[in-house]
Amino acid sequence: MLRQLQCSASVRFFLPPDIMNVVANPVCKQSVRWRRKPPGTPLAKSKLFRIPPRPQVPEEERIELFRLTTNYNTFIKSVREFLREEVQSAAGKEQLADAVSMDDDLIRCKEINDKWNAEVALIREKRLLHEKEEKLNLISKRLEERKIRERNRVAEINELVRMEKEKEKYYITSENIDEAIENALRGEVDYNFAIDVKGNIYKGEVAEENLEKKAVETV
Amino acid sequence: MITYEMPLLLRLMTRPELVSTLKRTAGIIFDQGGIIRRLDSLGTKDLPYRISSHGAVHRRASQFIIEFVVPPSSIKILKDEFERDIDVVRSRIYKVEELTPVECTLHEEILPPAYRKDVQEMVELAKKKFKPKFKNNTGLSYYPFQK
Chain E
1051 MLRQLQCSAS VRFFLPPDIM NVVANPVCKQ SVRWRRKPPG TPLAKSKLFR IPPRPQVPEE
1111 ERIELFRLTT NYNTFIKSVR EFLREEVQSA AGKEQLADAV SMDDDLIRCK EINDKWNAEV
1171 ALIREKRLLH EKEEKLNLIS KRLEERKIRE RNRVAEINEL VRMEKEKEKY YITSENIDEA
1231 IENALRGEVD YNFAIDVKGN IYKGEVAEEN LEKKAVETV
Chain H
15 MITYEMPLLL RLMTRPELVS TLKRTAGIIF DQGGIIRRLD SLGTKDLPYR ISSHGAVHRR
75 ASQFIIEFVV PPSSIKILKD EFERDIDVVR SRIYKVEELT PVECTLHEEI LPPAYRKDVQ
135 EMVELAKKKF KPKFKNNTGL SYYPFQK
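Residue numbers (the numbering used here), protein chains in the order written: chain E, 1051 to 1269; chain H, 15 to 161.
Worth flagging that the hints you see were computed from the coordinates, not collected in a lab. None of these values were measured; they are calculated from a predicted model. Heads up, the beta-carbon is just placed ideally off N, CA and C, and yes, glycines get one too. Be a bit skeptical, because a hint or two may be false.
No more than 16 Å apart at the CA atoms, straight line, and that leaves these computed lysine to aspartate or glutamate pairs for EDC-like [as the list claims (entries may be wrong)]:
#1 H/K37 x H/D99
#2 H/K59 x E/D1240
#3 E/K1217 x H/E81
#4 E/K1253 x E/D1240
#5 E/K1248 x H/E122
#6 H/K37 x E/E1225
#7 E/K1248 x H/E123
#8 H/K93 x H/E81
#9 H/K59 x E/E1255
#10 H/K37 x E/E1232
#11 H/K37 x E/E1229
#12 H/K59 x E/E1238
#13 H/K37 x E/D1228
#14 H/K90 x H/E122
#15 H/K93 x H/D45
#16 H/K37 x H/D101
Going by beta-carbon spacing under 7 Å, a handful of chain E positions derived as facing chain H [to be verified]:
#17 L1118
#18 I1222
#19 T1223
#20 V1239
Label pairs and their in silico Cβ distance ranges [unchecked claim]:
#21 E/I1251 x H/Y156: 52 to 58 Å
#22 H/R104 x E/Y1241: 15 to 21 Å
#23 E/R1201 x H/G69: 55 to 61 Å
#24 H/R74 x E/D1246: 28 to 34 Å
#25 H/R104 x E/S1190: 54 to 60 Å
#26 H/H121 x E/Y1221: 56 to 62 Å
#27 E/S1224 x H/K93: 17 to 23 Å
#28 H/K93 x E/Y1241: 22 to 28 Å
#29 E/Y1221 x H/G69: 35 to 41 Å
Put together the whole structure using the sequences plus the hints.
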């Protein structure tokens, strides 16, 4: 809130006309934000035990006021009652008419709804049949696949067993370990090899002279 | 049946000692219900680095490779046994993986880069990243004005 600086008429007479304008002269602005005590301030100590005096209304005035008030209330009550009766009678007629038309409407809506339901039921039956068929197909397909998988697995296992049985004669067990150790110590193995651009393989760890002659294998 | 492969380094010993150590090692595998598929000797060779085990430093060792089959639950026992054997310098156990057949593509790999398929793909990929360049449409290979 802002208000213009107040000054007497005589002072204002001597000042130029613009000087009291807040917009033209911001210097004249005064903030009047806190004119009263802030809302949180407690009751003053001096007013703590003060008992405010009861309003003194003369007897005649009281009787007159009571008469006026009662009169006013009676009038208002009668007007309100009249209006209520008016509204209720009008609404009752309308409601009756509405109820009849609503029943007709409901029957019509139900007919349309039943028709739609029948249409959708046909479509649904067809769809469910189709889905059932698909599901059965899928199940039978999966069963078939599973059978094939099982058969392949058994074949694989059989093949593994067969190969292992073939290898059985080369197993080193506690019976022929002496012989195997002798063989191993006699013939040392060297896994290292080199390969050239032509695809010749040169076995052995150390490079030797005349490699061309030493080529053992060709890729 | 899982096949395991064990490189085994034994300290320098006389031949009878070596034989008995190998026999002992094999016996431990047999005790676990296993069998040996292959027993190869790589000879006595210099080690690539010094290895100290059981209080001695080794620079040479007799090297063996043993391929065997045991139940997987026995691997821990085998490792423990070989670790405590004072004649074993070092031993490791690996699973033997079956080799999948590889197709030879050497003839493609030795082509010059421009003819290699993967390089061509990379070039295509790089081309996509280039921003569109402004065309002068002067019909000249150079910029005719002062820059």
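Hints, one by one, checked against the model:
Distance check on the hinted pair: H/K37 and H/D99 sit about 13 Å apart at the alpha-carbon level, within 16 Å; holds. Straight-line distance between C-alpha atoms of H/K59 and E/D1240 comes to about 12 Å, which keeps the hinted pair within the 16 Å bound. Under the criterion of a C-alpha separation no larger than 16 Å, the hint pairing E/K1217 with H/E81 is consistent with the structure, at around 14 Å. The straight-line distance between the Cα atoms of E/K1253 and E/D1240 is roughly 8 Å, inside the 16 Å bound, and the hint therefore holds.
This hinted pair checks out: E/K1248 and H/E122 have alpha carbons roughly 15 Å apart, not beyond 16 Å. Only pairs whose Cα atoms come within 16 Å are accepted, and H/K37 paired with E/E1225 is accepted, the gap being roughly 11 Å. A distance of roughly 14 Å separates the Cα atoms of E/K1248 and H/E123; the hinted pair therefore holds under the 16 Å criterion. Under the criterion of a C-alpha separation no larger than 16 Å, the hint pairing H/K93 with H/E81 is consistent with the structure, at around 14 Å.
Restraint check for H/K59 and E/E1255: the C-alpha separation of about 12 Å stays at or below 16 Å, so the hint holds. Restraint check: the Cα-Cα separation between H/K37 and E/E1232 comes to about 11 Å, which is no more than 16 Å; the hinted pair holds. For a cut-off of 16 Å, the pair hint linking H/K37 to E/E1229 stands: about 11 Å separates their Cα positions. Of the pairs offered as hints, the one joining H/K59 and E/E1238 holds, with about 11 Å between alpha carbons and a cut-off of 16 Å not exceeded.
Between the alpha carbons of H/K37 and E/D1228 the distance comes to roughly 7 Å, so the proposed pair stays at or under 16 Å and holds. Simply put, H/K90 and H/E122 have alpha-carbon atoms about 46 Å apart, too far for the 16 Å limit, and the pair is violated. At most 16 Å may separate the alpha-carbon atoms for a hinted pair to count; H/K93 and H/D45 meet this at roughly 14 Å. At most 16 Å may separate the alpha-carbon atoms for a hinted pair to count; H/K37 and H/D101 meet this at roughly 12 Å.
Interface restraint check: E/L1118 against chain H, minimum CB-CB distance 91 Å, threshold 7 Å, status violated. A cut of 7 Å between beta carbons decides the hint on E/I1222: the least distance to chain H is about 4 Å, and the hint holds. Residue-level restraint check for E/T1223 holds (minimum Cβ-Cβ distance to chain H is 6 Å; threshold 7 Å). Interface hint at E/V1239: satisfied, since its Cβ lies 5 Å from the closest Cβ of chain H, which is below the 7 Å cut-off.
Distance hint for E/I1251 and H/Y156: a CB-CB separation of about 57 Å, consistent with the stated range 52 to 58 Å. Range check, H/R104 to E/Y1241: about 18 Å between beta-carbon atoms, so the 15 to 21 Å window is met. For the pair E/R1201 and H/G69, the beta carbons lie near 59 Å from each other, so the given range of 55 to 61 Å is met. A beta carbon spacing of about 32 Å between H/R74 and E/D1246 agrees with the range 28 to 34 Å that was offered as a hint.
At about 59 Å, the CB distance of H/R104 to E/S1190 agrees with the hint of 54 to 60 Å. For H/H121 and E/Y1221, the hinted distance range of 56 to 62 Å is not satisfied, since their beta carbons lie about 41 Å from each other. Separated by about 21 Å at the C-beta atoms, E/S1224 and H/K93 satisfy the suggested range of 17 to 23 Å. Taking 22 to 28 Å as the suggested C-beta distance range, the pair H/K93 and E/Y1241 conforms, at roughly 24 Å.
A C-beta distance of roughly 37 Å is found between E/Y1221 and H/G69, which places it inside the suggested range of 35 to 41 Å.
Hints 14, 17, 26 from the list above are not met by this structure, while the remaining hints are.
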